[in-house]
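Under numbering that gives the first Met the number 0, the residues of the sequence shown are numbered 0 to 217, in order.
Honestly, the hints are just simulated from the structure, not real lab data. Fair warning: there could be bad hints in the mix.
Listed next, with one range per pair, are the computed distances between beta-carbon atoms [as the list claims (entries may be wrong)]: (1) Ala175 with Gly107: 41 to 51 Å; (2) Arg210 with Ala132: 42 to 52 Å; (3) Trp191 with Gln148: 21 to 31 Å; (4) Ala132 with Tyr100: 17 to 27 Å.
From the three backbone atoms N, C-alpha and C, an ideal C-beta is built for every residue, glycine too.
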Amino acid sequence: MPSIPTPTSGAVPQAQPVIYVLAAHPHWRESRANRRLRDAAAQLPGVQVNDLYARYPDYVIDVDAEQARLAAADLVVMLHPIQWYSMPPLQKLWLDEVLGYGWAYGPGGRALRGKALWLVASTGGAQDSYHPAGYNRYFFDAFLPPYEQTAALCGMRFLPPLLLHDARRVPEAELAAHVDVFVQRLARYPDWPELEDLADCPECAVPLGDRPEPARAA
Numbered sequence: 000m001p002s003i004p005t006p007t008s009g010a011v012p013q014a015q016p017v018i019y020v021l022a023a024h025p026h027w028r029e030s031r032a033n034r035r036l037r038d039a040a041a042q043l044p045g046v047q048v049n050d051l052y053a054r055y056p057d058y059v060i061d062v063d064a065e066q067a068r069l070a071a072a073d074l075v076v077m078l079h080p081i082q083w084y085s086m087p088p089l090q091k092l093w094l095d096e097v098l099g100y101g102w103a104y105g106p107g108g109r110a111l112r113g114k115a116l117w118l119v120a121s122t123g124g125a126q127d128s129y130h131p132a133g134y135n136r137y138f139f140d141a142f143l144p145p146y147e148q149t150a151a152l153c154g155m156r157f158l159p160p161l162l163l164h165d166a167r168r169v170p171e172a173e174l175a176a177h178v179d180v181f182v183q184r185l186a187r188y189p190d191w192p193e194l195e196d197l198a199d200c201p202e203c204a205v206p207l208g209d210r211p212e213p214a215r216a217a
């Protein structure tokens, strides 16, 4: 896949916001919505799209390169389908390995502070299935806390998600309108009216005693 520039510490700051899109779909050929969104984002200036499943087919993530891209970004976009009420497995592994203690969170972990995280997600179920009376039993907001708290722990602002329900069956006109909204949002960031009403980045102090244990060899 095309290479993504890896910024260096001596890079000159750009006036235009840098947007880093993490596109994670295990089966792009079967994707109807996410593939359209990914391809549309890739056409925009100032937007870097990283197709995680194409870049890391062996699940071996280049942590240094990913951290450099994150450090250079103003807005991080997580683009993926919701699978079992969460994110695809490679996206979760990416979080586990890239958002390290002492870098993204915890004492000294301020690399992402002040940036923004935007979830752009699709579901296979219709919107009314995410309801106490529906088969998913909860409103969709009930599945957002892991995303919200990931942003909070890293000192990032969690922006209002952009969701597309019933992605496999949504009418073509509705899908096209959804893609247009996505593109317009990316092109206009950070000029979103609702951002003025969002709280500042939270401060989640992690005590030294809560440092995660290093992974042990099997």
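How the hints compare with the structure:
At roughly 45 Å, the beta carbons of Ala175 and Gly107 sit within the given window of 41 to 51 Å. Here the CB-CB span from Arg210 to Ala132 is close to 44 Å, well matched to the stated 42 to 52 Å. In this structure, Trp191 and Gln148 meet the distance hint of 21 to 31 Å, their C-beta atoms being roughly 22 Å apart. Evaluation of the 17 to 27 Å hint for Ala132 and Tyr100 yields a failure: the beta carbon distance comes to about 42 Å.
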